[in-house]
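Now for the letters of each chain:
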Amino acid sequence: MMSETFASLFTLDVLLAWIAAIFGGMFVGALPGFSATMAIALLIPVTFGMDATPALVMLATIYTTATYGGSFTAILLHTPGTPSNVATAQEGYELTKQGRGLEAIGMSTISSVFGGVFGGIALLLIAPPLAMIALKFSSPEYFFIALFGLTIIASLSSDNMLKGIASGVFGLILGLVGLELNTAYPRYTFGFMELYSGVQLIPATLGMFSISQMMIQMERFSIKGSMEKGQVVNAGAMGNKMLPTFKELIHYIPIMIRTAILGLLIGILPGAGGDIGSWVGYNEARRGSKHKELFGKGSLEAICGSETANNAVCGGSYIPLFTLGIPGSGVAAVLMGGLIIHGLQPGSQLFITQKHIIYPIMIAYLFSNIAMGIVGVLCARGFAKIAKIPMNIIIPFVSILAIMGAYAVNCSMFDVWMTLVFGFIGYFMEKSNFPTAPAILALILGPMAERGLQSSILMAKGNVITYFLSRPLSMLFFVLTLLALFAPILAKRIMKGHEDIKTESNLD
Amino acid sequence: MKTKLANIHTDVYVGAIMTLAGGILFYMALGMPAIPKRFACIVTGLFIALSIAILVKGVKMSLEAKDDWERVYQWVIIKYPLLFFLFLVMYVILIDLISFFPATSIFVPGLMFFLKVRSWKVIVFSTVLIDVSMWFIFVNQLKIFMP
Chain A
98 MMSETFASLF
108 TLDVLLAWIA
118 AIFGGMFVGA
128 LPGFSATMAI
138 ALLIPVTFGM
148 DATPALVMLA
158 TIYTTATYGG
168 SFTAILLHTP
178 GTPSNVATAQ
188 EGYELTKQGR
198 GLEAIGMSTI
208 SSVFGGVFGG
218 IALLLIAPPL
228 AMIALKFSSP
238 EYFFIALFGL
248 TIIASLSSDN
258 MLKGIASGVF
268 GLILGLVGLE
278 LNTAYPRYTF
288 GFMELYSGVQ
298 LIPATLGMFS
308 ISQMMIQMER
318 FSIKGSMEKG
328 QVVNAGAMGN
338 KMLPTFKELI
348 HYIPIMIRTA
358 ILGLLIGILP
368 GAGGDIGSWV
378 GYNEARRGSK
388 HKELFGKGSL
398 EAICGSETAN
408 NAVCGGSYIP
418 LFTLGIPGSG
428 VAAVLMGGLI
438 IHGLQPGSQL
448 FITQKHIIYP
458 IMIAYLFSNI
468 AMGIVGVLCA
478 RGFAKIAKIP
488 MNIIIPFVSI
498 LAIMGAYAVN
508 CSMFDVWMTL
518 VFGFIGYFME
528 KSNFPTAPAI
538 LALILGPMAE
548 RGLQSSILMA
558 KGNVITYFLS
568 RPLSMLFFVL
578 TLLALFAPIL
588 AKRIMKGHED
598 IKTESNLD
Chain B
724 MKTKLANIHT
734 DVYVGAIMTL
744 AGGILFYMAL
754 GMPAIPKRFA
764 CIVTGLFIAL
774 SIAILVKGVK
784 MSLEAKDDWE
794 RVYQWVIIKY
804 PLLFFLFLVM
814 YVILIDLISF
824 FPATSIFVPG
834 LMFFLKVRSW
844 KVIVFSTVLI
854 DVSMWFIFVN
864 QLKIFMP
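Chains A and B, in that order, give the protein sequences. Start counting the first sequence at 98; every next residue gets the next number (the working numbering). Start counting the second sequence at 724; every next residue gets the next number (the working numbering).
Worth flagging that the hints you see were computed from the coordinates, not collected in a lab. Just so you know, not all the hints are guaranteed correct.
[Said to hold, decoys possible] List time: in silico DSS-like cross-link candidates among lysine-lysine, alpha-carbon distance up to 27 Å: (1) B/Lys780 x A/Lys528; (2) A/Lys528 x B/Lys802; (3) A/Lys528 x B/Lys866; (4) A/Lys338 x A/Lys558; (5) A/Lys194 x A/Lys482; (6) B/Lys844 x A/Lys528; (7) A/Lys194 x A/Lys394; (8) A/Lys482 x B/Lys780; (9) A/Lys482 x B/Lys760; (10) A/Lys558 x B/Lys780; (11) B/Lys802 x B/Lys760.
[Stated by the list, open to error] Have a look at the derived ranges for each label pair, beta carbon to beta carbon: (12) A/Leu113 x B/Val851: 48 to 56 Å; (13) A/Lys194 x B/Lys802: 46 to 54 Å; (14) A/Gly479 x B/Trp858: 45 to 53 Å; (15) B/Lys802 x A/Leu113: 42 to 50 Å; (16) B/Lys802 x A/Asn257: 50 to 58 Å.
None of these values were measured; they are calculated from a predicted model. Glycine included, every Cβ here is placed at the ideal spot set by N, Cα and C.
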């Protein structure tokens, strides 16, 4: 098994895809305003012509490398590349002002590698046995799993749950479009033959995550009358020292272990992504620190905590995705789309019939965390220059890539028009404070929920509720669904706790 | 009158549009056969309920007249995003009319000029780079038949 896994890993196409994902992910991560979600959405169509293994190695790797790449501009320019790097920006930029920018990047590198490797090992150890539970699932369980996945919607939009749920229900409506599964009755197709196969995931994803994001970037043009010129880092702010000494490293290891465990748990927990993970890591680092006075003024411990946790989140979030088919975040939802498009169905079958694909993906993910650290150390100064690329050059490139990506799915101009429609809808959803990730999540899970419900009704032969109650696994997922609804409240409290700490630090 | 309209929270408009759209979809679901109707009615019904909740919340916020909410739909803010969207629509029409590469060779310089890039070297270099990279990814590697 191991030799088979490594044999499929060490092929030219997998290695090239892997290297491209490491550099590409770090590049996108370092670009302010671009997220890992958008990078994965743009790349899915590009991977169509590839075999499943290199394609998914590429997509899975990008999440962790983009999260790390975001710390460069966060530290050097006070501009977090991704939402997961906000805590790092606060502390890292203070260090840059003190002429210790490179040292902060060094700490971010060591911590990100540690957190990423920890998450990768946990993924390899936890996912296979957990997936075997899915062998016992039948239609009622799949219905409740979909329902559980849909409650994540609430978590994804903890600041405005009502709009988050509405966005999710909008996604469910999109999932209704096309021929109904049992009767082949065309629902909401409005006479378009192209809609008989339903709303395609890729055009919807590209529209909502790429085109709408470009439109939001254009607002900067509206407000300022021009795009800001790229920022440049003062060479003196970088300093010379990058990596900590062995003695210093020993001091940081307990922080890394504690925050990696927390990050992993947050990744597994549906709805709580890298942004919450990084703040929890920051909080934990501060709690155990002997130098609390440095927090808010440039603390390496703070960077260590937040960067370890946000990279551990990445591996954690793949566990429910690969084993149960539950995408716990926007990134995971888009990645699930990538798995489905390449013919992989998350769940037990992934670890039985498709293990020759999933194991290389998990192992490549683990090693990508080490490789990104090496690239980071060698190219730190180069990545800092990425922020110099002005948006008015990036926008045309990303727009065309999104349009061509949508076309490439079925070689259909209808899909291109759908991308524009979803871009337009996505922009106004973002403007009106409706998160777009729940809509995509529901578009994936909606048909699964309907199929599970319809089959359960047939299997129940009468009282569906009694049938559900007679199945322990269904009940377990029902309880988990209820628990997931309370996750946002918990997350809100954590964030509030952090804000109190931040205020306290500023007062100090 | 203008001031009064400006004080109406955007959620009122959004909620009203959503309720109307939900109502139409629910009505369409009622006309479906029993099995496809079941889930469609549940989902659209839920959508109407949530839309009404958003509408009511918006009305409440408007009546409170605190005036501390952000006016996100000011023309000055959404002007360029909408113009950009118009550029994309024209680009897709152009692709249909004159095929992908000529359309891209017009769209990229046009959009960059609109975004106030004035260096012709940068414009030409970006256009060529985008055309070549699209050809390499989609034609050479993915063997896609370009529009």
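Original post:
Among the hints numbered above, which are violated by the structure, and what are their numbers in rising order?
Top reply: Checked against the structure, the hints that fail are numbers 3, 4, 6, 8, 9, 10, 11, 12, 13, 14 and 16, while the rest are satisfied.
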